[in-house]
Structure formats: C-alpha cells, structure tokens
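> Those protein sequence lines, which keep their order, are chains A and B. All residue numbers for the first sequence refer to my numbering, where the first residue is 348 and numbers rise by one. All residue numbers for the second sequence refer to my numbering, where the first residue is 4 and numbers rise by one.
Hints were generated in silico from the structure; no laboratory data involved. Keep in mind the model is a prediction, meaning the values are calculated, not measured. Worth double-checking, as some hints may not be accurate.
[To be verified] Pairwise CB distance ranges (calculated):
| # | chain 1 | residue 1 | chain 2 | residue 2 | range |
| --- | --- | --- | --- | --- | --- |
| 1 | B | 113 | A | 508 | 43 to 51 Å |
| 2 | B | 32 | A | 382 | 32 to 40 Å |
| 3 | B | 59 | A | 517 | 57 to 65 Å |
Built from N, CA and C at the ideal position, the CB exists for glycine as well.
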Amino acid sequence: MSGHRQPVKIGVLALQGDFAEHIATLKKLLVETREVRLPEELSGLDGLIIPGGESTTLSRLMSIYHLREPITQMARQGEPVWGTCAGMIMLAREITEHDPVPLGIMDVVVQRNAFGRQVDSFEQDLDIAGINGDPFHAIFIRAPAIQGVGEGVQVLAQLPDGRPVAAQQGNVLVTSFHPELTGDLRLHQYFINLTRRVSPSQRE
Amino acid sequence: MVEVLTGTFTVKAGHAQMLKGGVIMDVVSAQQARIAQEAGAVAVMALERVPADIRAQGGVARMSDPSKICEIIDAVSIPVMAKCRIGHFVEAQILEALGVDYIDESEVLTPADEVHHVWKHDFKVPFVCGCRDLGEALRRISEGAAMIRTKGEAGTGDVVEAVRHMRAVQDAIRKLKTMPEDELVVEARNLAVSLELLTKTRELGRLPVVNFAAGGVATPADAALMMQLGADGVFVGSGIFKSGDPARRAYAIVQAVTHYKDPKILAEVSKDLGEAMVGISARSIPKEQLLAPRSI
Numbered sequence: 348m349s350g351h352r353q354p355v356k357i358g359v360l361a362l363q364g365d366f367a368e369h370i371a372t373l374k375k376l377l378v379e380t381r382e383v384r385l386p387e388e389l390s391g392l393d394g395l396i397i398p399g400g401e402s403t404t405l406s407r408l409m410s411i412y413h414l415r416e417p418i419t420q421m422a423r424q425g426e427p428v429w430g431t432c433a434g435m436i437m438l439a440r441e442i443t444e445h446d447p448v449p450l451g452i453m454d455v456v457v458q459r460n461a462f463g464r465q466v467d468s469f470e471q472d473l474d475i476a477g478i479n480g481d482p483f484h485a486i487f488i489r490a491p492a493i494q495g496v497g498e499g500v501q502v503l504a505q506l507p508d509g510r511p512v513a514a515q516q517g518n519v520l521v522t523s524f525h526p527e528l529t530g531d532l533r534l535h536q537y538f539i540n541l542t543r544r545v546s547p548s549q550r551e
Numbered sequence: 004m005v006e007v008l009t010g011t012f013t014v015k016a017g018h019a020q021m022l023k024g025g026v027i028m029d030v031v032s033a034q035q036a037r038i039a040q041e042a043g044a045v046a047v048m049a050l051e052r053v054p055a056d057i058r059a060q061g062g063v064a065r066m067s068d069p070s071k072i073c074e075i076i077d078a079v080s081i082p083v084m085a086k087c088r089i090g091h092f093v094e095a096q097i098l099e100a101l102g103v104d105y106i107d108e109s110e111v112l113t114p115a116d117e118v119h120h121v122w123k124h125d126f127k128v129p130f131v132c133g134c135r136d137l138g139e140a141l142r143r144i145s146e147g148a149a150m151i152r153t154k155g156e157a158g159t160g161d162v163v164e165a166v167r168h169m170r171a172v173q174d175a176i177r178k179l180k181t182m183p184e185d186e187l188v189v190e191a192r193n194l195a196v197s198l199e200l201l202t203k204t205r206e207l208g209r210l211p212v213v214n215f216a217a218g219g220v221a222t223p224a225d226a227a228l229m230m231q232l233g234a235d236g237v238f239v240g241s242g243i244f245k246s247g248d249p250a251r252r253a254y255a256i257v258q259a260v261t262h263y264k265d266p267k268i269l270a271e272v273s274k275d276l277g278e279a280m281v282g283i284s285a286r287s288i289p290k291e292q293l294l295a296p297r298s299i
C-alpha cells in the first residue's frame with residue numbers, strides 16, 4: 348500500500364449500523380467515500396459496502412427508499428459489493444427465517460444469530476484465503492453464518508467447526524464478522540482491489 | 004487450538020456500534036415488541052411498565068418479571084434489552100442469566116444503591132448507562148458501561164432535558180479537545196474521572212463508546228434533533244406506545260433517525276401521525292420526583 352490516493356469511490360450504505368467505521372477504514376486507505384441513503388447516491392460509485400447493523404431495520408429502509416433494485420443491478424453489472432454481518436444477511440439468496448427479505452445477490456444460505464445471543468458474541472483469529480500475513484482477528488457480534496453455498500461461491504474462511512464465515516462469488520464478498528472494528532485494513536484493501544479501476548499493477 | 008474470546012469489551016462496545024443510527028423502543032408485551040420490530044427498531048427494551056406509567060403510579064420500580072422478559076425475547080429476532088436498578092448487581096445477574104442482549108442500569112427504576120453502581124466489568128452481557136454530562140458518562144464507562152445514553156427526563160415526552168444533557172456532553176468534549184495538556188489533570192479531578200480515560204476521550208474527540216439520546220423523545224423531529232446534536236441513535240420510551248398510532252409513529256421515527264439531515268424527508272414522515280403522547284413539562288415536575296438526578 349503506497350501513500351497515493353486510490354482512484355476509487357466506494358459507497359457505504361448509511362441507513363443504519365456501523366457505516367462510519369467502514370468509512371473511517373476506507374479513508375485510511377485513501378479512497379473516496381460516500382454515505383448512501385437514497386438511490387441517486389449510488390450513481391458513480393465503484394463499489395458498495397453494506398455494513399453491520401440490524402438486518403430487519405436495513406431491510407425495511409431499503410424497501411421504503413427503493414434501494415433494492417438499484418443495489419441488485421449494481422451487483423449484476425459487476426460492481427463489487429461487500430456485506431459485513433447484517434450486510435451478509437442482506438446479500439444472501441436465502442436466509443433461514445422469513446424476515447428480513449434478502450436481496451438474493453449471492454448464492455449462499457445464511458442463518459441469522461447463528462452463534463446465539465449477545466453473551467455468545469466472540470473474537471477469534473482466522474485464516475482467510477487471499478489475505479497474506481498474520482491470521483485476521485475477527486469480531487463476531489450476534490453474527491450470522493453461512494449454511495450452504497452454491498456453485499461458483501468460493502469459501503474464503505471457515506471456523507474450526509467448518510462453518511463458512513467469509514465467501515466470495517465474483518464481485519460479491521460477504522463476511523460474518525466485522526473487519527471495520529479491528530483497524531486491520533487488509534480486507535478493505537482486498538475489496539478495493541475488486542473494483543475495475545484498480546489495475547493489477549496498482550494492487551498492494 | 005485457536006483461542007475464542009467472549010464477553011470482551013470489544014464485543015460489548017461493538018454491539019452498540021451495530022445499533023448506531025437506529026431506534027431502541029420500550030415495549031411491555033410480545034405484541035408491542037413485534038410492532039417495534041416490524042417498524043424497524045434495532046432493539047427493544049423489555050419492561051413491565053413504560054416510564055410514563057412508572058412516574059404516574061409511583062412506588063418502588065424494580066426489574067421486570069423474568070417471564071415478561073422471556074415472552075418478549077421469544078417474540079422477536081432483534082436484540083432485547085432490560086433494565087436493572089442502579090447498583091442492583093443481582094438483578095443484573097438474573098438478566099444476564101435470562102439471555103438479554105444488553106442491560107440498562109437505569110435511573111428510571113428506583114435505585115438500589117445510592118453510592119455504588121454495578122461493577123459492569125464482571126459481566127459478559129454489556130451495559131448501557133445514563134448520563135447528564137461528560138463526568139457521569141466517563142465514570143460509567145470506567146465501571147464497565149459499553150454504551151452511554153443521555154438521561155433526559157424519562158416518561159415526560161419533553162425533550163428539553165435530553166437536549167441539555169447531550170449539549171453538556173458535546174460542549175465538554177469540545178472544550179477538552181482544545182484544552183492545554185497541563186490542565187488535564189485538574190479537569191480529570193473536577194470530573195472525578197481517570198486522566199487516562201479523559202485523555203483517550205480528548206484524542207478520539209468523542210466518547211469512547213456509542214452515545215444514544217434518551218428521555219423525552221416523542222416525535223420524529225425530536226429524534227432528528229438529537230441526532231443533529233450528535234447522538235449516535237435514539238431510545239424512545241413512552242413516546243411510541245403512549246401515542247395514538249404506535250406503529251405509524253414508530254415507523255416514522257425510524258426513518259427520521261436515518262434521514263435526520265434531510266428536512267424534506269422529515270416533513271414527509273411527520274405527517275398524519277395522530278396524537279403524540281400527552282406528556283408533562285419537565286419543568287413542572289417537583290425536584291424530588293425527577294429521575295435524572297438519581298445517580299451521579
């Protein structure tokens with residue numbers, strides 16, 4: 348990572364949740380950022396992050412403010428989209444409950460609150476495919492887990508019990524945990540590298 | 004074997020970070036909890052009585068019946084909070100055993116200890132505590148609170164005290180940021196907080212944990228006001244289920260907190276909400292009946 352500004356503008360869905368933490372992390376990586384609350388704020392972005400928060404709340408607000416179709420379209424057009432925790436729930440093809448209604452962008456089945464209630468929230472080091480160096484310190488808060496993956500989905504990390512907690516399908520990335528709470532910039536840089544404006548020579 | 008850590012301050016404070024930009028609603032039944040979730044609440048506070056009723060009925064206000072809390076936990080998938088009395092660490096132990104996601108050590112209930120708060124570091128479940136100023140906020144954080152809220156004056160529907168407390172916290176932080184370093188020791192002593200925590204707050208330029216507004220929020224405009232004053236999110240107690248059309252009002256307040264900087268949207272969501280809670284002016288309440296001064 349050089350000290351040069353990266354020629355990329357990343358949006359962070361700012362309906363609810365820890366969007367400010369994602370923006371602060373992206374700023375450390377010298378990319379332009381934008382809070383997204385309305386559909387018109389998606390235009391001109393090179394990628395979108397759906398942060399942690401309450402997925403039922405995100406789902407309601409996405410419906411009221413007509414964000415479902417444009418976000419889905421953005422992903423289908425190949426722009427990188429990354430969901431952390433509640434964001435992962437929203438990107439799933441299917442979840443194990445009837446509420447919220449996910450966007451169905453990534454071919455994974457996700458279980459909400461897969462590890463229990465808040466007292467069961469945990470921190471653990473993880474090895475993540477594509478992330479070099481030390482293990483990644485992962486923070487799981489009332490976290491979801493991936494129950495099933497379709498063809499074309501690559502599992503990037505799993506817990507010792509085998510449950511996938513990070514996965515990628517082309518331009519779409521999901522993590523059960525919260526890299527934005529750690530100060531570790533590697534997954535955010537990994538996401539930026541998925542954008543088309545970053546040429547291979549500029550990466551890392 | 005990889006080490007798995009639970010109950011750390013990071014996961015406690017991190018949970019509050021996930022609630023940011025959201026509305027936490029007081030509910031007294033499974034049905035109300037479902038209405039709150041449907042409206043987009045990020046969490047519910049499970050109670051037997053909302054603060055307005057506690058205020059009206061008087062007597063000693065205690066932790067809710069565990070069966071009531073369990074009924075609400077079973078009704079929704081969003082986080083469930085519950086209140087214990089200030090200093091009542093056994094009520095807190097019970098709430099933790101029930102599996103609540105956050106404990107509010109609350110001045111709305113009758114304090115069990117007029118000197119000590121719960122030592123919150125001993126718990127795996129996170130705590131939120133009320134404050135009126137920076138000193139109170141930092142003292143609660145030093146006891147282990149992973150989230151702070153303004154006290155306001157609960158059960159009134161009058162936002163004036165919440166505004167006073169939020170401004171007091173923000174003003175003190177602004178002052179702290181420009182204070183010469185050699186004055187910090189005296190400031191720490193004046194606020195009765197550790198120099199370390201004060202220095203951390205100065206470096207961050209904000210409280211080290213999430214800070215919600217609470218105590219008197221009754222309308223979408225109230226909620227957006229608190230957000231513009233720097234709140235990370237909003238608790239609404241009696242304001243929703245003591246109003247004419249709770250579902251509609253709840254839905255409107257959720258949208259107001261997201262779009263707090265957009266007056267056009269605020270105007271839209273404020274339309275046709277029916278009767279707001281009647282409320283009582285905080286100024287008309289006799290001093291001995293105020294809830295906010297119950298702890299320092």
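> If a hint holds in the structure, say so; if it does not, say that too.
Hints and how they fare:
no. : hint                         : verdict
1   : 113/B with 508/A: 43 to 51 Å : holds, 45 Å
2   : 32/B with 382/A: 32 to 40 Å  : holds, 36 Å
3   : 59/B with 517/A: 57 to 65 Å  : holds, 59 Å
Checked against the numbered hints given earlier, this structure breaks none of them.
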